[in-house]
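Novice: Residue numbers (our numbering), protein chains in the order written: chain A, 1348 to 2333; chain B, 39 to 246; chain C, 9 to 368.
Hints are computed from structural coordinates only; laboratory data are not their basis.
Positions of the beta carbon are idealized from the N, C-alpha and C atoms, including for glycine.
It cannot be assumed that every hint is accurate.
Covered by chain B, according to a simulated footprint, are these stretches of chain A (three or more residues, beta-carbon under 8 Å) [unchecked claim]:
hint : stretch
1    : 1585-1597
2    : 2209-2221
3    : 2258-2270
Only pairs whose alpha carbons sit at most 27 Å apart, straight line, appear in this in silico BS3-like list of lysine-lysine [what the hints assert, rightly or not]:
hint : chain 1 : residue 1 : chain 2 : residue 2
4    : A       : 1846      : A       : 1488
5    : A       : 2169      : A       : 2190
6    : A       : 2185      : A       : 1846
7    : B       : 176       : A       : 1419
8    : A       : 2234      : C       : 41
9    : A       : 2027      : A       : 2122
10   : C       : 84        : B       : 146
11   : A       : 1510      : A       : 1775
12   : A       : 2162      : A       : 2190
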Amino acid sequence: MLLTRKGQSGQRSPDRFSSSLTDSLSRALPTMDRRTFLKRSGIGIGAGIAVSQLNLIQEAGAADDKPAGKAKVEVRRTVCTHCSVGCAVDAVVENGVWTRQEPVFDSPINLGAHCAKGAALREHGHGEYRLKYPMKLVNGKYQRISWDQALNEISARMLDIRKTSGPDAMFFVGSSKHSNEQSALLRKFVSFFGTNNTDHQARICHSTTVAGVANTWGYGAMTNSYNDMQNAKAIMYIGSNAAEAHPVSMLHMLHAKENGTKIIVVDPRYTRTAAKSDQYIRIRSGSDIPYLYGMLYHIFQNGWEDKKYINDRVYGMDKVREEVMKWPPDKVEEACGVPEAEVKKAAETMAMNRPSSVVWCMGQTQHTIGNAMVRASCILQLALGNVGISGGGTNIFRGHDNVQGATDVGPNPDSLPGYYGLSTGAWKHWAAVWGVDYEWIKKQYPSQALMEKSGTTVSRWIDAVLEKNDLIDQGPNVRGLVFWGHAPNSQTRGLEMKKAMDKLDLLVVIDPYPSATAAMAAMKVDGQQLNPNRAVYLLPAATQFETAGSVTASNRSLQWRERVIEPLFESRTDQMIMYQLAEKLGFGKELVAKLKLVPGKGGMMEPEPESMLREINRGTWSIGYTGQSPERLKAHMRNMHLFDVKTLKCKGGKDPLTGYDLTGDYFGLPWPCYGTPELKHPGSSNLYDTTKHVMDGGGCFRANFGVERDGVNLLAEDGVYSVGSDITTGYPEFDHVLLKKLGWWDDLTEEEKKAAEGKNWKTDLSGGIQRVCLKVHGVHPFGNAKARALVWNFPDPVPLHREPLYSTRPDMVVKYPTHDDKMSFWRLPTLYKSVQQKNLEAKLHEKFPIILTSGRLVEYEGGGEETRSNPWLAELQQDAFVEINPKAAADRGIRNGEYVVVATPTGARLKVKALVTPRVGPDTAFMPFHFSGWWQGKDLLADYPEGAAPIVRGEAVNTATTYGYDSVTMMQETKTTICNIERFTA
Amino acid sequence: MARMKFICDSERCIECNSCATACKNENEVPWGVNRRRVVTINDGVVGQEKTISVACMHCSDAPCMAVCPVDCFYRTDEGVVLHNKDACIGCGYCAYACPFGAPQFPSKGTFGLRGKMDKCTFCAGGPEENGSQAEFEKYGRNRLAEGKLPACAEMCSTKALLGGDGDVVAEIFRTRVIHRGKGSEVWGWGTAYGKAPNQGAAPTGKKS
Amino acid sequence: QDVKTATPAQSPAPQAPPPAAGVPNVESVDILKQNQAERSRDQPGNNAPVWREVKQGERHYSSLPGLESGVLIQPKARFLGQDRALTAGEAWRQYRNGPLTLFGAGVILAALLAVAILYFVFGKIRNKEPPTGRSIERFTVVERTVHWTVALSFVTLAVSGLIMLFGRYLLLPLTGHMLFGWLTYALKTVHNFVGPVFAVSIIVFFVLYVRDNFPAREDMRWLLRFGGLFGGREPSAGRFNAGEKIWFWGGLVLLGLIISVSGFVLDMLVPGIVYSRSNMQLAHIVHLVGTTLMAAGAIGHIYLGTIGMEGAYDAMRHGYVDDTWAKEHHDLWYEQVQSGEIPRVRTRPRPGDAPAPINA
Ligand SMILES: Nc1nc2c(c(=O)[nH]1)N[C@H]1C(S)=C(S)[C@@H](COP(=O)(O)OP(=O)(O)OC[C@H]3O[C@@H](n4cnc5c(=O)[nH]c(N)nc54)[C@H](O)[C@@H]3O)O[C@H]1N2
Ligand SMILES: Nc1nc2c(c(=O)[nH]1)N[C@H]1C(S)=C(S)[C@@H](COP(=O)(O)OP(=O)(O)OC[C@H]3O[C@@H](n4cnc5c(=O)[nH]c(N)nc54)[C@H](O)[C@@H]3O)O[C@H]1N2
Ligand code: HEM
Ligand code: HEM
Ligand code: SF4
Ligand code: SF4
Ligand code: SF4
Ligand code: SF4
Ligand code: SF4
Ligand SMILES: [Mo]
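Okay, chain A solo, but in the shape it has when bound:
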């Protein structure tokens, strides 16, 4: 009698059903008055009412309304692991099973909102398509092995490689998916193994931004926040498709737009972001500098620049101006295809609607001249006086959920955590923090020189394997590779990667979804030699939902993830794997010298995330990762409702659990959060903002490049200082000497003095110097300088346009050629001109007349193995495809939905479906890069470890991408290469 439960069909006997529902609703709905409704739907922001103005009502917590059963229900607050927006999620766990996912309306970052990936997180509680136990490749097939066997064999192999070829024969690809704690631990792990050959996604993501921006004004990070963008009067997205890549940021942007903010989108494609713009400008991929200079041309011509700001706070703008004047409108149009009126209109919008903000992403960074492009954008903002201002800034949307954190404290080849670099001083600083002997670390390395020399980058590990030994700038070639949370199909030149993979002696993949690498390694390529001694291991890592830890969002806010569930299957947390491997490799004790060990999965010991964060706190003074103690972060997570959506500031309130007073804190203590946690620095929501006191997150540009150059003052001019500063002009960074000179030394306590002697603001482990600067004198420990429009230590001090190595425009290549080849760059020979010249001579543009660019789809993330294993997402994008313009398609007789072949100069031929769409212009094609599992038309299903293949597989664009690397950071060129598209004939 199922129907009678709620009565018969509504039409004939409505009363019975409705009365029962009324009953239930009268119990449930009264909590949903208008305000609750507004909150639940996150509407406040939409209606122009700041959510924090609403009196917040205790939600009907998911735990209270559990279904009939008597299950033990807990709610764990975590953060989406997919992108840098950092959306919070409440996970409902019943008897250890993740049963539901509730939006966190209180989060000032996302107000409960998610994109598809965030809304599908709970699938991680099933993990059906994950690797379930360690596996080893035996005779072309993956076989299950035990953890013990795996760890023993892997460590034996690693030790053997170290013994026979030295530690630099290993390369460790870390991960921006790791928590801050795991990232920092991995850098330590690699150091103790004795190499700097380690890297992670940031290299192929925002490395050019980090380098370019840090060299311009101090820190390589997003200056403001998604929230602060609500204060902008105009926003220009250039090379960012936020609607797909940072969807929840659009919540703030569209709200701003409704209040009058003008939106400009500059992109070769008419993206979903462009669809929300007031002005869309289609540029040719790779022509950002001409376009930006085109804007600056009009700005300078019309005197729209902020002259006082430039005078007081910017160095070298005159030199830039000279270059800009070489880009009159006709040349701009020639280079980017944008008519004068369009460029001028954009310039005017940005100039007349200040504060205006610029957003860029991969469209700018992933080029051989990425470092120059991002600086051109910085220069635009400096010219308009937009940096260091609420509503302005360069809002660089970062990539992975913790790519910011992993960049800050993680496995970088050129630096120890906190951008300390690899100098002796840096090593000593960290040795002290880690509680190990500096000399011991030195002994782990082949030499002090190699210890202080940047390693190879993830974009080039294939060359470190394949390149002739005498051409590489380290002893051995790389023989062993660990992919510790990184996909293979995210690096360019796939055909060569396969060669490198086959040549390795050891390949270890530590990942919940190692399958793309696994399949690629197992796959056989006809005629290609396979190293008979190669060993391939897959280790199932736990996800971030199976451990706790902190994660740094794009806006530099740190959030603490609670553990949602126990590691599924046989998976183990990354910190446990690091510790266990270190034990086998002989440096387990050192790795955890200052860390607390706690029992983890199966009672085995692992370092405790809280104590790992405290170690970061103890060491990372340079970028203010010192104030974010686990206690403070957890208090923030528990009290999200206390933070204002627009300013991220807590207007007042105490954490009921600990009594911690959150008043004045910015949400997530966005770094820099200087000093010890006790100093209670509130974090910095907008960088370089002089309108605030340094103890309220205010600041100025960093003095990192000296005080003077060629007789020109590099420090800020008189009258530029953050509110309340004791010094009202520019000043250098602080160290014990300056403190003494100023007579401030005695502001330190006796103990602080002891620690600070001989130290500067970054190396003083007591935090005394920072405390005195900030709290006592209101000055910024890193000094007060000018931003550099001219970065003299870069190959092009003033950003110059240079054509990509593979271009469809020979005329432009001749006019704007690339750099000269470099013989030794991050340990490898790196080609520019010779490749470009060869391509020109071979007339490649005739055979490959279409620009091939690549990027993101909202449903998938990164290499995509994880998201393509999630049925809720996979269903939404079932085929790899190439976007091709109707005209280009018609010329080739290609119809929508058919298979086509995308051919590139590498010889790769990708079989994908055609999406015929005017999103792209006739000269451009676009492929999402999230697919893998097909290899030039062949499905690799049989090569996957059994049960661990993703649901959707497809052709990876990077199988076909070409050579090309940024001249500063070794960023790979993925955004501009060339291809042809043909009909597929079987």
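Chain A is already provided as a structure; the job is to place chains B and C with the ligands on it using the hints.
Specialist: Positioned in the frame of chain A, the structure of chains B and C with the ligands alone reads:
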């Protein structure tokens, strides 16, 4: 009594598909059944592209309900159109009749075998006892009974999708329109039927 | 069919003109023809052109594979006799629930009424003369088997189909949802599978029976005299009379074909067909018209084949008719049998068979 309605604000919708996945997640909807889907009009055409998310609109004079051979639909007091899977014969007529393509079937329909119809329940479950296991297995969660709004609308990345009491929803939308000073037409019931169907909220942004 | 396509695979690109960089196309000032870009320029925020397009029911972009996932609203449709176009689903619903249901109910009631009149006014058609005791094999085992297959499958289909159509009004109030749902579910499933059986069996029926169903000279007269319904001797007829032939050609062949084809479409068994909602609606309408007409015909036919006419059912059941019956109803055929042109027994007896029940 509240009359539940959806509005999708195409000025905000960015085709992020959060609504579609949120629904899958919350209601454990199987592969192939899409209670909600997202459609882009004039895809890639400069200045003309708009995206809309669509699910069952819980029509007032619902064609699906009228046409069902076994009369298994019913309407709750809040205007939510629900159906009884035990009675459903999987004939597909509701799908032919529904202007919005809301009814979905777990199998392909060869020999007319479609399985039981499934569609958006406004996260209000089905005829079984509120919050019961049987209800969950057949219809997904009953969020309304828990005092929550539909999962899709709650998780919408840009708050383009509003779901709830028609009056409130319409008022919110109207506020937004006033802020924008423009653009009052909206994806709602009236789009298919030409007019606001009932005394409830007119989804045109006006309060009736 | 399964591609994420902006437009159906047939047409390569969306209709909209390819855009120039950044500048909306200006194609007209006619406000009704303005595209969205033009409208946004002239009246920012006015999205009327988009809504106009939405209502046209075109297929737009949706990443979700599926035939109609890109259709927001069904296109407009207007079925025969409807006074204005409506969203197809709505039009179809009105059509099915209105005219089609009424029509179906009408013809079926009409047929029942006709049968009732026949029975009560004219009475059962009896043999005028006593049986001779001699029999003729009218239908062989094969013929009877096929007929029974046709008959039984038809009845199954009709009962199940009509319950789908009318049960909601007639049965549901008596049984309640649970029982009715289960019953209808069972019947519907049976219908879906028996349909093809019926379709195949009418083809075999056709092959077996077509030879004797070609129109003949005497058929006209038979018809003009309504088969002797209003008295007098029954007009001459061959093995099958004109009425039967009409049933054969009109009912079995024409309606059978229509019903089967539309039924196969509804069963999604026809390769190469786009199973869109509009095609299904069409198939359904065709099916419904065909089936109700045929059901009405079948009522008459079955009446005559059972209680309506003495001796007819024997032929159906046992295959043999008495000479008297043959003489009275199919005189020309009887003569052929008498003259030996057609053997009295067409089934060749096999050893062991019981002797044919003829007193020959
Ligand atoms: N759904 C989803 N979201 C993600 C990710 C994901 O994988 N999936 N990954 C995260 C990561 S790691 C990152 S780094 C971010 C990246 O986020 P985005 O950089 O915004 O994403 P992309 O799609 O790579 O590139 C952005 C745009 O650059 C355009 N473009 C291409 N060439 C050029 C050019 O020469 N100049 C300009 N101006 N534009 C150009 C492309 O057309 C594209 O629309 O997204 C993060 N968010
Ligand atoms: N052609 C082209 N190529 C590109 C880009 C492009 O736009 N075009 N974009 C580039 C950019 S910006 C980036 S950031 C990269 C991204 O590319 P990748 O970062 O290589 O891709 P992901 O798949 O995100 O890799 C993350 C891996 O970490 C695993 N993982 C997740 N959580 C954990 C964990 O807790 N522990 C461990 N051990 N593993 C975990 C995931 O399963 C996944 O395999 O791709 C780059 N490549
Ligand atoms: C219970 C159901 C049925 C009964 C009792 C029945 C009975 C009969 C009888 C007795 C005859 C022979 C008439 C004669 O000998 O002249 C006949 C002929 C015929 N029956 Fe049926 N019938 C039934 C169902 C059907 C059905 C459902 C169909 C088709 C859909 C059908 C199609 C025909 C045709 C076409 C003929 C005429 C033979 C011809 O003209 O070739 N019958 N039926
Ligand atoms: C000849 C006798 C038949 C009759 C009297 C008949 C009658 C009906 C009726 C009345 C309906 C229901 C329409 C409604 O409720 O709106 C229906 C539906 C249907 N019929 Fe038939 N039909 C017949 C033959 C067939 C055949 C031969 C097939 C297939 C080859 C078929 C397949 C279907 C299908 C697929 C449906 C849709 C019902 C569903 O799938 O739930 N029918 N039929
Ligand atoms: S992927 Fe990014 S925008 Fe989407 S839910 Fe996760 S954190 Fe938020
Ligand atoms: S949208 Fe479709 S399924 Fe929903 S009530 Fe209306 S007609 Fe029925
Ligand atoms: S499929 Fe089910 S709900 Fe839809 S009309 Fe048929 S019986 Fe009714
Ligand atoms: S209201 Fe609930 S059932 Fe309906 S589409 Fe939204 S999430 Fe799915
Ligand atoms: S979640 Fe919101 S913005 Fe995203 S597709 Fe759905 S309605 Fe549009
Ligand atoms: Mo990235």
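Novice: Would you mind marking each hint as holding or not holding in the structure?
Specialist: Hints, verified against the model:
no.	hint	verdict
1	1585-1597	holds (count 5)
2	2209-2221	holds (count 3)
3	2258-2270	holds (count 4)
4	A:1846 x A:1488	holds, 19 Å
5	A:2169 x A:2190	holds, 24 Å
6	A:2185 x A:1846	holds, 23 Å
7	B:176 x A:1419	holds, 23 Å
8	A:2234 x C:41	holds, 24 Å
9	A:2027 x A:2122	holds, 10 Å
10	C:84 x B:146	holds, 25 Å
11	A:1510 x A:1775	holds, 26 Å
12	A:2162 x A:2190	holds, 16 Å
Checked against the numbered hints listed earlier, the structure breaks none of them; every hint is satisfied.
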